[in-house]
Structures are given as C-alpha cells and as structure tokens.
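Going down the list, the protein sequences come from chains A and B.
Residue numbering for the first sequence follows my numbering, starting at 1 and increasing by one per position.
Residue numbering for the second sequence follows my numbering, starting at 1001 and increasing by one per position.
It is worth saying that the hints were derived from the structure and are not from the lab.
Take these hints with a grain of salt, some might be off.
To be verified - What the simulated footprint calls covered on chain A by chain B, stretch by stretch (three residues with Cβ under 8 Å from a Cβ of chain B suffice, anywhere in the stretch; the number is not a length): (1) 11-17; (2) 40-54; (3) 63-70.
Beta carbons: idealized from backbone N, C-alpha and C, even for Gly.
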Amino acid sequence: MKVSAREIAEIVCLQLGRRQVAPQDRLMEDLGADSADLLNLVVALEDRWGIAIGEEEAGALRTVDDLRRLVESRD
Amino acid sequence: MSTLLATLERRAREHPEREAFVFAGRPHGYGELWAGAGRCASGLVGHGVAPGDRVVLALPNGPDFFAAFYGTLRAGGIAVPLFPGSGAGRLAAAAQRSGAEVVVTAGEGEPERRAQSPRAWAPRDRAPRALSVAALAAAAARRLPPAPGLDDVAYIQYTSGSTGEPKGVQVRHADVMANVRQMVQGMKITPREVFVSWLPVHHDMGLVLMTMVPFHLGARLVLLPAGLRQPRSWLAAIADHGGTFTAAPDFAYRVCLRTVRDPGGYDLGTVRVALNAAEPVRAATLRACAERFGRADVMVPGYGLAEATVGVSMWPPGTPVKVDGRGFPSVGRGFPGVELAILADRGELAAPGETGEILVRSPANTIGYWDDPEATAGLFWGAGYLRTGDLGYLDGDGDLFVVGRSKNLIIQAGRNIAPAEVEAVLDALPFARRSAAVGIDRGGPEGEQIYAFVELAARAARSEPNFREMAVQAVAEIRAELGLGPGRLYLAKPRTVPLTETGKIRHAELRERYANGSLAASGQLLFPKY
Chain A
1 MKVSAREIAE IVCLQLGRRQ VAPQDRLMED LGADSADLLN LVVALEDRWG IAIGEEEAGA
61 LRTVDDLRRL VESRD
Chain B
1001 MSTLLATLER RAREHPEREA FVFAGRPHGY GELWAGAGRC ASGLVGHGVA PGDRVVLALP
1061 NGPDFFAAFY GTLRAGGIAV PLFPGSGAGR LAAAAQRSGA EVVVTAGEGE PERRAQSPRA
1121 WAPRDRAPRA LSVAALAAAA ARRLPPAPGL DDVAYIQYTS GSTGEPKGVQ VRHADVMANV
1181 RQMVQGMKIT PREVFVSWLP VHHDMGLVLM TMVPFHLGAR LVLLPAGLRQ PRSWLAAIAD
1241 HGGTFTAAPD FAYRVCLRTV RDPGGYDLGT VRVALNAAEP VRAATLRACA ERFGRADVMV
1301 PGYGLAEATV GVSMWPPGTP VKVDGRGFPS VGRGFPGVEL AILADRGELA APGETGEILV
1361 RSPANTIGYW DDPEATAGLF WGAGYLRTGD LGYLDGDGDL FVVGRSKNLI IQAGRNIAPA
1421 EVEAVLDALP FARRSAAVGI DRGGPEGEQI YAFVELAARA ARSEPNFREM AVQAVAEIRA
1481 ELGLGPGRLY LAKPRTVPLT ETGKIRHAEL RERYANGSLA ASGQLLFPKY
C-alpha cells in the first residue's frame, strides 16, 4: 500500500500533539512518545488504513519513517 | 508502634552507612537520606511551614523526592506529592485545593517556572512559593518542631475520583504503618527482599509498597526513573541486583511481552513476586509472562486503592492463580486485618458469587478526603466499610474477583484519569463548545485508552481547513497538563455528547454509541475520519 510521508506525519502530529515531525525523528527520543503513545499510534495506523499490525512489528518501531514502511509493507 | 519517620531517624543514627536505596547506579545510605530530609525540614521551617501546613511536591523519582517528602513530614507538614510532569494548571489547582503555600520542584528550570507562571496562579490572592530542593537544603539550620505522631496526617494522595476534580486522600502516619505491616505479613516480605521499582514515587503503590515497605524493613531497594520507556532496563535491574520483588500494572507487563521477545539475556530466577495491580489484570498476561519469562506462579494479581492507603489484597505467590469462567483472575483474600464484603444493588451485603460494589474494612482505611466532608461521608458504608467504587464478587472460598468499576474512571497505562480532568483541559479551548472523555478498551495490547470528543462551536465546525490545527492543539494541551496523550481525539459536531436532563454527560451512552459505530455512521465525528 502506497502511503506518503506526509500522511504518516499527519497521524504522528495528531497523536503526539505536534505541529510538525520529520521522517527521521525518533518517536521516543526526539518526539517524547512513551510506550502507551506507541501503542496508540499503532491503533491509529490500523484504523486509518484498515490493517492489522502484529505485536512483534509494533515492538520494532523506532522512527516516524518506520511507521510508513510498516504501512507500505501491507497490500 | 512508631512512625516510619522515627524508624528512618533511628536507622540513620545507628547505621548511617547502611544502604537505603540505589538510584541511577549509586547507593544512598540512611544517614544521607535523613540528613537530606533534615536540611529540607529546616528550609521549609525557614520558609514559614508550620505543623499541619501542606507542601506540594512535584518531584521525579530520586533522592530529592525522599529528602523533600521526609523533610516535609519532619517539619510536621503534610506532603502533597504530585505527578512531576503536571502542567501549570494542575499544579496550581492542586496547591489551591490543598491550600499549600509552598511547591517543591526539581530545580530552577522548567517546572519551577511553570509553577510561577501568572496564568497558573491568577485565581489566587497569594501565589505559593516554588522552591527547589537545592534552595531548601541551602537554607540556614532551624529549630524543628516536635516530630509528628501516629494520628497526624502524613500526606495527601490525590486520586482520580468518579466525578469532578481529583480528590485528596488524607493518609495518617498510623495508616501508613498499618498498611505496611499488612503487606509485609500478607506477602511474607522479609528484610532479605530486594525491591526493584520504576513506579512513580508520587503515587500510592510506588510510594507505600515499593519504597516505604523496604525502608520499614531495611530491605534493599533499587529505584529506577519512573515510567517504562525501556522495559529492558527494568529486567536488567532485576537481573543485576538479584531482584526478588517488583510490581507494575498489567499494561507494563504487556509492554514487556511486546518488546522483549527473548528474555534469555536476563536472569530472572531470583524473582519471588511480580505483583500485577493498579488496573484490571488480564489472565492472558499472567499466562504469557509465565511462559515467556519461564517463571510460573510468580506474577500475582493484587488489588488496592488510595482510600485504604494502598494494598488491600493479593493472590498468594507460588500458587496457581484462580481464574473464573469469564476469565477474571482472582486478586485473592484480604491482607491480615482486612475484611472484604460486597454491597449488592439492593443496599445489603451480597451473598457469595453475587456481584456488587467491593467494600473494605481495614485498619489502614484512611479518614477520607481533604477538605471535602461530603465526599468523605459518601466514602463509608455501614460499620466502618469503605466503598471502593469497584465492582466485584467473593466466591465460595472468599477469594475476591474484580470485574469492573462503577465509576467512569479511565485507566490508561496504569494511570487513573477521571473524565473531568481531560474535559477541564478541553473545555478551555477557544473553539470547544463542550467535551467528553471516556475509556475504550478494544481488547488489544494497548488496553484501555482515553477517547476524547470535542464538540466544536458553530463557527469552528464550519472551518474545515483548521480542523487539523485544532486537533493538534487539543492533544498538545492534554499532554502538557496531564502528562499523557489520549488514544484518540475527535472533533465533533455540536450536540454529539449525550447529556442528562440536568446537563450532565452520559459517559456510558457516549462510549456505547462510539463503540457500536453509530457516532461515525451519523456523521457526528468531523475529524479525523478514522
């Protein structure tokens, strides 16, 4: 599934209450997300694109761009 | 029976070099802990704190918290520990509610500035002073008042009630000692125990069970920064220090399961108790942890609440946890001296198996809420029973099962949040007409999440290009004030939130209408569209 960096950034901004984020931003270190935020982000991605994300994949997420790659890996 | 304060003083005098706790890899002795508390006590007295005065503490886990907390107690004051990430509004509100004139913060930096911001203190005639621990400790030595007694209030624990603002539970020195003793006996804790904790020390389980119990016994305590950003550091601390006792909400164990696929690098063989409490316990978590970490019957569900100081019951470690037909694990029987009962809807004590409100009679029951006789009166039932607001039943063996909450309380990642706390932040937004927050648990690993609904004012509802900006601002405000983010925030059309005839929010109905999809289907939700 093709998704743009902008669409992903939009979701991250909404979940974390930020005006802008960059693809290389690290979710925890740079954007201040905690473990609950990461889970909430995953749920938002699942709802937005109607996909299911496994716990193992969710556990490997580090950056904003990791989210995009994860969604893109879906059909 | 002496106070914990007296125990700390005696230990500092007799064994000043003995380790009280380890933080950030550094051991801190009882002598150091007590000296820090003494300096803070002097500083507080120098700043006019008299016995019975409240002192707000907005401090993270670490030695400064203990210095300020036990310093406040030594000065005869009443500590009001708060989440250190609280925004200006919350700090101000807590200081105002508790009548505190001093707020102790981490340093000269951000929290102090926040606490002094004009917006924060605008409603008050006289702004409380924000002081750092360093500033307090640097003050000249003062003569201290006599140490407090068992009947004096030691601290006020703010807890999110079902309605309205957070309520301040008054915990006396005697309550602390009663609950510490109950938990020591009930969990068979010995001075040889090694506690490992990242739970926040400003809140009941992290404060009483995970620091006061080890201080009381002189057991080892390995304290970590609060929060679970790095689950591996928790496991590493257990492995490195031979941890025997740890505690966390179910959510944290689920995070561990998700992020630590292979725990082989950590020797967790020393763990005797991994208490799972502070939010609903899932049988699946108990099973998965036993399997993943190779330790059966070590993770045990527990139950408690701030109004009973903290701990009420726990399933006995080392025995398989009883799980009922609906999948609820039992939280065991009450700790020694605790009497559990169930209040049925008809207003009488329930029979075994019958679900109702959980009642607790215990020597560690507190005397109720600070400056709130009405809420305090509603807290008790019959002859000394405390109403917990939680739903449950006792089975034929007397084992307690917690099956729900009669309150609208939301528990996200182990933190209790009242809808009103979220709504107060959102209602202040210029584009908001009204707001409502509910807890939604979809059964996934994320557990219960805050879902917030902001009804837009008529003009704002027509300015679609600004929706994104408004939503980001709303989430940013919640994060700044409450220190956590909602699972989802929707901008909604006016009259989305169902109300009673008297204008109160029907939270249960809102939750139901969201969950069954009728809100989205009727086009009430403007943004986002998922």
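(request) Closer than 8 Å, Cβ to Cβ, for at least three residues: run that test on the segment 63-70 of chain A against chain B and report holds or violated. (result) violated (count 0)
(request) Count the residues of the segment 40-54 of chain A whose CB lies closer than 8 Å to any CB of chain B, then report whether that count reaches three. (result) Since three or more residues must qualify, the claim that chain B covers the segment 40-54 of chain A holds, with 6 doing so at under 8 Å.
(message) Using C-beta distances, would you say chain B covers the segment 11-17 of chain A, given that this needs three or more residues below 8 Å?
(response) holds (count 5)
Against the hints set out earlier in the document, a violation occurs for number 3 only.
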